[in-house]
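Chemist: Residues per chain are reported as follows:
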Amino acid sequence: MRDLIFYLLIIGAGTGGELCVTRAMKEVGEVKDFRPAALLRVLLRALQVSWMWIGVALMATAFFSLLAVLSRENVSFVVPVTALSYGAGALGGKFFLGEKVTARRWAGVLLVCAGVTLVILGRR
Amino acid sequence: MTIARSLHFKTYLLILLMVIFGPLGNVLLGKGMKQIGATGASAGVFGQLSRILTSGSIWLGIASLITFFVAYMLVLSWADYSYVQPASAVAYGMVALLAHYMLREVVTPLRWAGVGLICLGVLVVGHTPPRTTESN
Numbered sequence: 160m161r162d163l164i165f166y167l168l169i170i171g172a173g174t175g176g177e178l179c180v181t182r183a184m185k186e187v188g189e190v191k192d193f194r195p196a197a198l199l200r201v202l203l204r205a206l207q208v209s210w211m212w213i214g215v216a217l218m219a220t221a222f223f224s225l226l227a228v229l230s231r232e233n234v235s236f237v238v239p240v241t242a243l244s245y246g247a248g249a250l251g252g253k254f255f256l257g258e259k260v261t262a263r264r265w266a267g268v269l270l271v272c273a274g275v276t277l278v279i280l281g282r283r
Numbered sequence: 096m097t098i099a100r101s102l103h104f105k106t107y108l109l110i111l112l113m114v115i116f117g118p119l120g121n122v123l124l125g126k127g128m129k130q131i132g133a134t135g136a137s138a139g140v141f142g143q144l145s146r147i148l149t150s151g152s153i154w155l156g157i158a159s160l161i162t163f164f165v166a167y168m169l170v171l172s173w174a175d176y177s178y179v180q181p182a183s184a185v186a187y188g189m190v191a192l193l194a195h196y197m198l199r200e201v202v203t204p205l206r207w208a209g210v211g212l213i214c215l216g217v218l219v220v221g222h223t224p225p226r227t228t229e230s231n
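Heads up: the sequence lines are chains V and P, in that order.
Residues 160 to 283, numbered by my numbering, are exactly what the first sequence covers, in order.
Residues 96 to 231, numbered by my numbering, are exactly what the second sequence covers, in order.
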């Protein structure tokens, strides 16, 4: 039961955090200059977007939940299970970020989810 | 055309960094937490936290994940989230491989099959354009 809450936090807070970070980075704009000073400026600009902070807080929550389950379960089980966030990610991309998720992408996401199911079934 | 090609190159390069450092980070965290979990079950929250913060594996894992995260943030400044997220799923194959060889975890055939399906899903997603939203 405790593990279930941690898995939900890894998937829910992790996906939510990534969606917020994406939204923040889209506000910052496309990165075209990869020199260290320019990257630092991008980082500083990103930190001024409030979505970034919400995203980081959510991702930190997911991170500590991940540490908690990793202390008991194998990495090769925990990490594939967290791939369930793919369904949540595609939905979030569509409804929160306004991305057009094509039928082909949905097919890919479905394959990923089927793979996760096998990983869960193969647990021992 | 050239712009599209360089956009693809940039995207693939950063996804490669993500695929290497993300799994490495998770495996190192797993290694560190297994060591801590085995000895620190009876310690309180602060005892546990201080064990976490003094573990070399954990810090190496965090450094790897920061590298992953920077690459991820950069790629998300132009590519769709629903494109990048599944594309990074190759990382799941890497996690299984690293966990098997570095941590000696037993990966069952069914688990390998699942990881294979995940990678297949990634290939399907990789054949869609990286951006569908308007750029500002």
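Honestly, I wouldn't trust all of these hints.
[To be verified] Subject to a maximum C-alpha distance of 27 Å in a straight line, what follows is the list of computed DSS-like cross-link-like pairs (lysine-lysine): (1) K105/P to K259/V; (2) K191/V to K253/V; (3) K191/V to K129/P; (4) K191/V to K259/V; (5) K253/V to K129/P.
[What the hints assert, rightly or not] One side of the interface only, derived from the structure: several residues of chain P facing chain V at Cβ under 7 Å: (6) R100; (7) I161; (8) M168; (9) W173; (10) T227.
[As the list claims (entries may be wrong)] One side of the interface only, derived from the structure: several residues of chain P facing chain V at Cβ under 8 Å: (11) L124; (12) K129; (13) V140; (14) L148; (15) S150; (16) D175; (17) V185; (18) G209.
Hints were generated in silico from the structure; no laboratory data involved.
Every residue, glycine too, gets a C-beta built ideally from N, C-alpha and C.
Chemist: Each hint should be assessed against the structure and marked as holding or not.
Modeler: These are the hints, each one checked on the structure:
Under the criterion of a C-alpha separation no larger than 27 Å, the hint pairing K105/P with K259/V is consistent with the structure, at around 22 Å. For the given pair, K191/V sits about 25 Å from K253/V by alpha-carbon distance, which is consistent with the 27 Å threshold. For a cut-off of 27 Å, the pair hint linking K191/V to K129/P is broken: about 41 Å separates their Cα positions. Distance hint between K191/V and K259/V is fulfilled; the C-alpha atoms sit about 24 Å from each other, no more than 27 Å.
With a CA separation close to 37 Å, the supplied pair K253/V and K129/P exceeds the 27 Å bound. Among the interface hints, the one on R100/P is violated; its C-beta lies about 15 Å from the nearest C-beta in chain V, farther than the 7 Å criterion. Among the interface hints, the one on I161/P is violated; its C-beta lies about 11 Å from the nearest C-beta in chain V, farther than the 7 Å criterion. A hinted interface residue such as M168/P counts as satisfied when its beta carbon comes closer than 7 Å to some beta carbon of chain V; here the least separation is about 6 Å, so the hint holds.
Among the interface hints, the one on W173/P holds; its C-beta lies about 4 Å from the nearest C-beta in chain V, closer than the 7 Å criterion. For T227/P, the interface hint holds, since its Cβ comes within 7 Å of a Cβ in chain V; the closest pair sits about 4 Å apart. A distance limit of 8 Å between C-beta atoms decides the matter here; for L124/P the minimum to chain V is near 6 Å, and the interface restraint holds. Given the 8 Å rule on beta carbons, the hint for K129/P holds: about 7 Å separates it from the nearest Cβ of chain V.
Checking V140/P against chain V: minimum C-beta separation of about 11 Å lies over 8 Å; hint violated. Interface restraint check for L148/P: the shortest CB-CB distance to chain V comes to about 11 Å, outside 8 Å, so the restraint is violated. For S150/P, the suggested interface contact is broken, since its CB lies about 10 Å from the closest CB of chain V, more than 8 Å. Interface hint at D175/P: satisfied, since its Cβ lies 5 Å from the closest Cβ of chain V, which is below the 8 Å cut-off.
The interface hint given for V185/P is violated, since its Cβ lies 11 Å from the closest Cβ of chain V, which is over the 8 Å cut-off. With a least beta-carbon distance of about 3 Å to chain V, the hint placing G209/P at the interface is held under the 8 Å criterion.
Checked against the numbered hints above, the structure breaks hints 3, 5, 6, 7, 13, 14, 15 and 17 and satisfies the rest.
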